[in-house]
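S.K.: If you want the building blocks of each chain, they are given just below.
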Amino acid sequence: MLDEDRLFPSESRTRGIARDLYAGIRDLPIVSPHGHTDPRWFAENKPFPDPAQLFVTPDHYVFRMLCSQGIALTDLGVPRIDGGPTETDGRKIWRLFAKNYHLFRGTPSRMWLDHAFETVFGLSQRLSAENADHHYDHIADCLSKPEFRPRALFERFDIEVIATTESALDDLRWHEMIRKSGWKGRVVTAYRPDSVVDPEFEGFRANIERFGELAGTDATTWTGYLEAHRIRRAFFKSYGATSSDHGHATARTENLAQQEAAALFQKALAGKCSPEEADVFRGHMLTEMARMSLEDGLVLQIHPGSWRNHSAEVMARHGRDKGFDIPTRTDYVKALKPLLDAVGMQPELTVIVFTLDETSYSRELAPLAGAYPALKLGPAWWFFDSPEGMRRYRELTTETAGFYNTVGFNDDTRAFCSIPARHDVARRVDCAYLATLVADGRLAEDEAREVAHDLAYRLAKQAYRL
Amino acid sequence: MLDEDRLFPSESRTRGIARDLYAGIRDLPIVSPHGHTDPRWFAENKPFPDPAQLFVTPDHYVFRMLCSQGIALTDLGVPRIDGGPTETDGRKIWRLFAKNYHLFRGTPSRMWLDHAFETVFGLSQRLSAENADHHYDHIADCLSKPEFRPRALFERFDIEVIATTESALDDLRWHEMIRKSGWKGRVVTAYRPDSVVDPEFEGFRANIERFGELAGTDATTWTGYLEAHRIRRAFFKSYGATSSDHGHATARTENLAQQEAAALFQKALAGKCSPEEADVFRGHMLTEMARMSLEDGLVLQIHPGSWRNHSAEVMARHGRDKGFDIPTRTDYVKALKPLLDAVGMQPELTVIVFTLDETSYSRELAPLAGAYPALKLGPAWWFFDSPEGMRRYRELTTETAGFYNTVGFNDDTRAFCSIPARHDVARRVDCAYLATLVADGRLAEDEAREVAHDLAYRLAKQAYRL
Amino acid sequence: MLDEDRLFPSESRTRGIARDLYAGIRDLPIVSPHGHTDPRWFAENKPFPDPAQLFVTPDHYVFRMLCSQGIALTDLGVPRIDGGPTETDGRKIWRLFAKNYHLFRGTPSRMWLDHAFETVFGLSQRLSAENADHHYDHIADCLSKPEFRPRALFERFDIEVIATTESALDDLRWHEMIRKSGWKGRVVTAYRPDSVVDPEFEGFRANIERFGELAGTDATTWTGYLEAHRIRRAFFKSYGATSSDHGHATARTENLAQQEAAALFQKALAGKCSPEEADVFRGHMLTEMARMSLEDGLVLQIHPGSWRNHSAEVMARHGRDKGFDIPTRTDYVKALKPLLDAVGMQPELTVIVFTLDETSYSRELAPLAGAYPALKLGPAWWFFDSPEGMRRYRELTTETAGFYNTVGFNDDTRAFCSIPARHDVARRVDCAYLATLVADGRLAEDEAREVAHDLAYRLAKQAYRL
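Heads up: the protein sequence lines correspond to chains A, B and C, in order.
So the first sequence is residues 1017 to 1482, counted in the numbering used here.
So the second sequence is residues 1017 to 1482, counted in the numbering used here.
So the third sequence is residues 1017 to 1482, counted in the numbering used here.
For the record, the hints were derived by calculation from the structure and aren't laboratory data.
Remember, predicted model here, so these are calculated numbers, not experimental data.
Be aware that a few hints might be false.
The calculated BS3-like cross-link candidates involving lysine-lysine, where the alpha carbons are at most 27 Å apart (straight line), are [stated by the list, open to error]: (1) A:K1353 <-> B:K1350; (2) B:K1353 <-> C:K1350; (3) C:K1115 <-> A:K1477; (4) A:K1350 <-> C:K1477; (5) A:K1353 <-> C:K1338; (6) C:K1350 <-> B:K1338; (7) A:K1477 <-> A:K1200; (8) B:K1353 <-> A:K1338; (9) B:K1288 <-> C:K1350; (10) A:K1350 <-> C:K1353; (11) B:K1338 <-> C:K1353; (12) C:K1477 <-> B:K1115; (13) B:K1338 <-> A:K1350; (14) B:K1477 <-> B:K1200; (15) A:K1338 <-> B:K1350; (16) B:K1200 <-> A:K1115; (17) C:K1288 <-> A:K1350; (18) C:K1350 <-> B:K1350; (19) B:K1350 <-> A:K1288.
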């Protein structure tokens, strides 16, 4: 299924250059500085469940596409909030998936799936209604073998380091279990405090109380709350964390006077923030987090601009993260100014900003990252973690921000078997882009070779301090 | 004038693939599910008037470009609202057009015109000041022949079905005349109720009264008004309509309580809506139309985002639709939510949404269409019905929405002779895109062949239920 | 360092066409209708200072990129507002620049620098830490020779005419000195009245008083103020000006009644305008300027949409124009309507509009310029004066506005040695684009040849009336 030269430019000389560049970096280990794999997999090292549970039911890229063509989420095994019936027969789900595999034509999901089927499971035929059972049985059979357990795959995928993402309220028990196990795989956590930073998060006050307990401070005072963050950040650092991560609806930042922030925090605790005040508080906390980063060295990631759970019906029936998160127009120039005025000129700080609004690449983000020492551009994210998306990312950012204000690739996934595929796509697309620059006389070949290595490996380690 | 390989990729292997894909679909019949041809042409089957009346005076793509370079609209025969003098000598208009033909270099108009000149009228020389009279005489001569009458051209163009667009107040007399004539050409109507849905439309109250008369109900009550829609939709269906069409300034939808909608309707009838209330009413009516679509099966088309008649001077002198409609930034994520929350998860409903804001393709429309079963993406529209526009459309939507949440091509034109050219451009650009996917190893050739057929023919029939 | 075929398409037939087109225009003289070179250079004709002062310290493209990677602006010799220490040793600055030359990979700065090093100074090795001193000494040596003085370079660059930009308050002494010197180089000025049009400009009232003195009228009355503009415009015209230029934060225009404008002017003089009123006043003045253009024939340029001096810290320490100008989302459809309703249909007027928001090309600017006779599109500007930026500009504007509503190239630079490089990049990218149209069968080769000449030379002269 996999073309040796996939994603390379079609013109033969340029393709040749891309091939050479890729040959120099294809076997570099995987550095995965941001993602959502489950540390429990590596802690327990139990076999993955059936093929549908591995490839269909938990992958919002996959079930949203099937849903968009009228297939019920319950027919794909997506759980219901009310505990009502949903398909549990993996084979039935798999057949439905296989029968509709043509829907994925031209999508990155298709490339990732084919790559996993072929390179992880050794399947050579494109999935179809006809071979659905064969593929199901074959994958199920593999999954029962020791060499398909999480740790074995981790090693086979040549992952040098992978970061998971845990809530600030997490006890990191699985990370502790990995550590104690003596296994050598490097799995680190990242500090995600949305539940204790967003006054509109479910159970905000209870979260803050729990947060204080975990930190051993009274987190219901402003100074105690900030202290709790410092303590929890240190705890996460002790499990390898080198970054924090923040998923907000907008990129808004604020830099309030401490007194004002303290008062707003009390209002938030009392559940009396207006939506605007809640937004101000979230925005202010990004600047607080940046200040703590200057103290403890954690890299600050901002993932803004998704309208989460857009369908009221799907949210009510199936809950969060069910493929109905829709990007929105996002402003960065005004939004980031308070944070940048506070800490943007600090070269020892790293703030990595992502976008789901591609119009901001050339207009806002590349000019900002091409000026402020603290600001770096995260890679093409989510819907744009795709061949065209990555190509546009390079074409729209490089001329203004260069390569060295970007930070390499993130797979940002919970789909474990897609990790090698995703990194491979990124490496190929970057080599294709570099080959074009070389063929166009915009870059010398020796430089392109160095940049290819930087993009595939060095920049991620350096930017994320891994 | 026409290059056999036009619009195909330049690299030879990829070009070869595109050529093969195109060979498989070039001769498919034309399915034209949305457009603005005049049913009277097919009803009366009279000869088209002179070449200037066919190609220049009624084509806003053509006269706007000439106007932008300082040529007066009256010198192109565009009628004046005050009935004042405008050029009526077709030959003089044609000479002015020919002399300025270089202005169209690089535009789709140029491709459509050359295609019509060569394939419809057998002209082989590029239009110029020198051959203006020759071309004029030749085309005029053709137009006097029976094989250039509307029905003959319809058949020669191999149009399987074409949809016109009529106001909800139209009596469909030309469609009736076509039907009675016994001619076999399939010309269907579409339901366009802007004049009875938009409180700001000229003569809204009178329109509603006339609407009620046509439907045989009292349309000045809310329930009578909704009933009148149902009746008129059924009437349009009896003339082949499979869709309704809605041209609003924004994509805003609302889902009011019935009582609230009824009260707003009365306010609209009384001419007392504020602009905001008028907008709410229009938005609510899209949701009502969607609910009726669930009953009667009409496909709902939304064409939002054009600032109509932007120039006050041109509007005052020449009236509507004179080339001064300018696209505006359009939001879909917030705007469509009320409608999508009401009916977006219904797989039996089809809502086709278009855009003049290309930034919404990858950020908003592909993610929405790639999730909601009821939502499909209309093809690249208006200014983007062009080779680059179509290429961007595919590159920006396919990775997130796939091919099967799109609906094939619309020519959306009143320029009859451009119809084969426009479909040909779409087929070529799609084959070029598919060839690139094949050459890049992103799609297998057998799949590309199937998709090419889908995009050129099947999807339009299926999405529009034709 | 320079590839003969740089920036041409990679596919061989298309590359051949591009090469041919380029051969036909590469040696055309440079027409530079808008830029920021210093007329004093040509007036005094003194040697340029050291290499760092020529290439690093004054070039905001260069020092912003170095700054973004944590290099202090003071280490690059950027002056401080407080007069505090900043690096003055050219060689030290140069070494720092050379050591970090890899940061410019893939940027247009890199292409311009390499081009200047090779074609102006005859250097053939890529700049690096190793050869930093060699290059420094070589360039310094060149600069001491007569053939590297400003006038000699002007002639060697084959500049037919160059426009500088001066404040409406400038006495044009350097232009006077050039004129008196008898030197034949054509250096013209342009009228930039921001300091007397923007109520928020530092010292607005004093500026107006000085403005009146220079014009010999009382500029503190509304009619006297307008008269002063007329007088100063005439004065600028007497030094060759064919255009005015306006750098506003937005593209807003207004067309107030004269009485209202007069009252607002008094409020501005009194320093009592709200930000909104200041914006209205600026917007109104664009329409006044357009009306004066109808009288005196100056071309009106609008450069909107930059958030100037975004970093409070850099602004406080180093002042304006230090690489922290960030583009913002810009609306044109609503913003330009008042001006276009007033004068947009006048074919004898030329308003050239630029953008830093690329989303406006296809959505707003091409449709507007493709309709209004008075409106033309300026070339890809600032961050988009780059190979990819120019390619997107053509791809996004040509299909709707054609070539003849664009105005050729602007180098818009104060980096004198980059002028040939910038024009060369524009010529190559345009030839590459035209070659693609020819190879795709969208344009005949004889037409492409004519268009290439138009884009490289004729359109700039014609649009700017040079």
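S.K.: All hints are to be evaluated individually against the structure, with a verdict given for each.
M.R.: Status of each hint after checking the structure:
1. Annotation: proposed proximity of A:K1353 to B:K1350 holds, straight-line Cα distance about 26 Å (limit 27 Å).
2. Between B:K1353 and C:K1350, the direct Cα distance comes to roughly 26 Å. Compliance with the 27 Å bound is thereby established for this hinted pair.
3. Taking the CA atoms of C:K1115 and A:K1477, the gap is near 22 Å; set against the 27 Å cutoff, the hint holds.
4. About 39 Å separates the Cα atoms of A:K1350 and C:K1477, which puts this hinted pair outside 27 Å; it is violated.
5. Of the pairs offered as hints, the one joining A:K1353 and C:K1338 holds, with about 16 Å between alpha carbons and a cut-off of 27 Å not exceeded.
6. About 18 Å separates the Cα atoms of C:K1350 and B:K1338, which keeps this hinted pair within 27 Å; it holds.
7. As the CA atoms of A:K1477 and A:K1200 are separated by approximately 18 Å, the hinted pair is consistent with the 27 Å bound.
8. Using a Cα cut-off of 27 Å, the hinted pair B:K1353 and A:K1338 holds, with the two alpha carbons roughly 16 Å apart.
9. Of the supplied pair hints, the one linking B:K1288 and C:K1350 holds, its CA atoms being roughly 26 Å apart against a limit of 27 Å.
10. Distance restraint check for A:K1350 and C:K1353: the Cα-Cα separation of roughly 26 Å lies within the 27 Å cut-off, and the hinted pair is therefore satisfied.
11. As the CA atoms of B:K1338 and C:K1353 are separated by approximately 16 Å, the hinted pair is consistent with the 27 Å bound.
12. Simply put, C:K1477 and B:K1115 have alpha-carbon atoms about 22 Å apart, close enough for the 27 Å limit, and the pair holds.
13. In summary, the hint linking B:K1338 to A:K1350 is not supported, as the alpha carbons are separated by about 38 Å, beyond the 27 Å threshold.
14. Pair hint B:K1477 plus B:K1200 holds up; C-alpha atoms about 18 Å apart against a cutoff of 27 Å.
15. With a CA separation close to 18 Å, the supplied pair A:K1338 and B:K1350 stays within the 27 Å bound.
16. Taking the CA atoms of B:K1200 and A:K1115, the gap is near 38 Å; set against the 27 Å cutoff, the hint is violated.
17. For a cut-off of 27 Å, the pair hint linking C:K1288 to A:K1350 stands: about 25 Å separates their Cα positions.
18. Taking the CA atoms of C:K1350 and B:K1350, the gap is near 22 Å; set against the 27 Å cutoff, the hint holds.
19. A distance of roughly 25 Å separates the Cα atoms of B:K1350 and A:K1288; the hinted pair therefore holds under the 27 Å criterion.
Of the hints listed earlier, those the structure fails to meet are numbers 4, 13 and 16, in rising order.
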